[in-house]
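Peer 1: Please model the entire structure based on the sequences and the hints provided.
Just so we're aligned: 47 in the working numbering is position 47 of the sequence shown, and the numbers increase by one with no gaps anywhere.
Certain hints may be false.
Derived pair list, reagent style DSS-like, types lysine-lysine, alpha-carbon separation capped at 25 Å [to be verified]: (1) Lys75 / Lys187; (2) Lys220 / Lys187; (3) Lys75 / Lys305; (4) Lys293 / Lys305; (5) Lys9 / Lys187; (6) Lys69 / Lys53; (7) Lys69 / Lys305; (8) Lys243 / Lys75; (9) Lys11 / Lys75; (10) Lys75 / Lys19; (11) Lys243 / Lys293; (12) Lys305 / Lys336; (13) Lys53 / Lys9.
These are computed hints drawn from the structure, not numbers from a lab.
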Amino acid sequence: MTCTHAALKRKELVDMGFKYDNILMEEAAQILEIETFIPLLLQNPQDGYNRLKRWIMIGDHHQLPPVIKNMAFQKYSNMEQSLFTRLVRLGVPTVDLDGQGRSRPSICNLYRWRYKELGNLTHVLNWSEYQLASAGFAYDFQLVDVQDFNSVGESEPSPYFYQNLAEAEYCVAVFMFMRLIGYPANKISILTTYNGQKHLIRDVVNTRCADNPLIGRPHKVTTVDKYQGQQNDYILLSLVRTKAVGHLRDVRRLVVAMSRARLGLYVFARVSLFQNCFELTPTFQQLMSRPTKLTLVLNEAYPTKRQHSMVPNMNVMEVQDMTQMANFVYSYYMEKVKVMKDYYQAQRKWEKPGGCQIKKHEGIISSHPGEDRDTDSEDEESGKQLPVPIQDEPLEGAANSEADDTVDGTKESPKIEELKIEETNPTDSKVEDITENS
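Peer 2: Here is the structure:
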């Protein structure tokens with residue numbers, strides 16, 4: 001259970017006689033001090049003593065602390081400091097986990113400097129998915145320089161509600177490109193450092209590709225702070241700001257942003273601003289070691305067999321700006337649609353005009369991957385087909401049933417073949433009489 005749930009249900013748990021000897025707290029560095037103590041007191045004492053024997057806290061004080069919305073408590077009473085961080089600062093002995101099993105070693109280098117002797121687990125070095133390159137991209141991580149669009153960089157429609165249209169369009173264009181070359185939508189997440197940019201990116205996704213069955217939506221569009229503790233194979237990160245670095249100057253937020261990706265990380269930012277920030281220097285020096293123009297590998301589909309250490313020299317395109325990327329994705333999409341249309345028409349058999357029948361679907365039709373469905377039904381949300389009601393067949397011999405009615409309400413004439421024979425027989429007899437008389 002969560003610490004908040006333990007606080008709300010404490011009286012019920014104590015009345016139930018709930019007993020425990022050990023407590024394991026995960027993400028302890030994101031829990032308020034007061035919330036940390038509540039789970040320790042969910043049982044009545046035994047012989048005047050607490051039954052608790054062991055308390056294990058697992059967390060990372062190099063990442064973001066608890067969120068305190070009240071600025072007075074946050075700034076002047078240090079309420080955002082967790083008990084986990086306090087104990088580390090006081091020198092309480094700790095057990096340091098010195099191996100990571102999430103990211104490629106090259107991506108891990110972006111935040112490895114923040115930890116003491118951080119190594120890689122064996123599967124990160126040996127598994128094939130870590131050995132192969134990111135299809136369609138020359139590099140597994142890259143910093144992409146985004147300039148003003150129509151002479152506008154960051155905007156602020158309301159106080160502290162920062163947005164950047166150029167970065168939002170760029171991120172969505174790259175997402176569409178990844179989907180067109182075969183990337184699954186659930187393996188791509190778009191992150192940003194500001195809530196205003198999150199809403200802008202969602203609006204762009206809804207406008208450009210949400211209802212397109214070939215593209216759909218990414219797995220998540222959210223902020224870095226909300227995404228702490230989660231991961232995905234490919235992360236598109238928008239840093240938004242063009243006038244001041246903002247709260248990304250907090251190194252803990254930078255560590256969270258850089259450590260969410262497993263296989264591919266692509267950062268969209270104003271390079272001239274962030275490269276001069278002293279706190280971010282260890283990370284941005286590595287990002288700046290590669291070209292700041294997005295480098296694509298053409299005619300490569302997901303998954304690829306190219307090794308991630310190999311940078312191809314052929315079929316490589318360097319994208320100059322967001323406008324070029326948007327135009328390229330549009331042309332690529334139209335070409336792909338044309339190929340699919342030609343293939344479908346070549347495979348389809350000829351049918352006479354009006355011969356095809358339109359079937360009425362009942363239930364839920366499975367939708368494109370990544371679509372968000374606003375529904376309370378578990379079957380609809382999971383994309384399952386609902387059972388189609390089966391109509392009872394009419395019983396044999398039911399002559400007066402409604403199934404025998406025609407469209408205009410009249411009864412069908414039984415034994416049509418016999419009626420035809422009765423009409424032809426008199427004609428044949430007349431022909432015989434004429435021949436005999438002649």
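Peer 1: Each hint needs a verdict: does it hold in this structure or not?
Peer 2: Evaluation of the provided hints:
Taken as a hint, the Lys75 and Lys187 pair is broken in the structure, with Cα atoms around 38 Å apart against an allowance of 25 Å. Among the hinted pairs, Lys220 with Lys187 is consistent with the structure: their alpha-carbon atoms are about 9 Å apart, no more than 25 Å. The straight-line distance between the Cα atoms of Lys75 and Lys305 is roughly 51 Å, outside the 25 Å bound, and the hint therefore fails. Simply put, Lys293 and Lys305 have alpha-carbon atoms about 24 Å apart, close enough for the 25 Å limit, and the pair holds.
Taking the CA atoms of Lys9 and Lys187, the gap is near 37 Å; set against the 25 Å cutoff, the hint is violated. Distance check on the hinted pair: Lys69 and Lys53 sit about 35 Å apart at the alpha-carbon level, beyond 25 Å; violated. Distance restraint check for Lys69 and Lys305: the Cα-Cα separation of roughly 47 Å exceeds the 25 Å cut-off, and the hinted pair is therefore not satisfied. With a C-alpha separation of about 24 Å, the suggested pair Lys243 and Lys75 falls inside the 25 Å cut-off, and the hint holds.
Under the criterion of a C-alpha separation no larger than 25 Å, the hint pairing Lys11 with Lys75 is inconsistent with the structure, at around 33 Å. In summary, the hint linking Lys75 to Lys19 is not supported, as the alpha carbons are separated by about 38 Å, beyond the 25 Å threshold. Note on Lys243 and Lys293: the hinted pairing holds, with a Cα-Cα distance of about 21 Å set against a maximum of 25 Å. For a cut-off of 25 Å, the pair hint linking Lys305 to Lys336 stands: about 22 Å separates their Cα positions.
For the hint pairing Lys53 with Lys9, the CA-to-CA distance comes to about 22 Å; that is within 25 Å, so the pair holds.
This entry does not satisfy hints 1, 3, 5, 6, 7, 9 and 10, going by the numbered hints stated previously.
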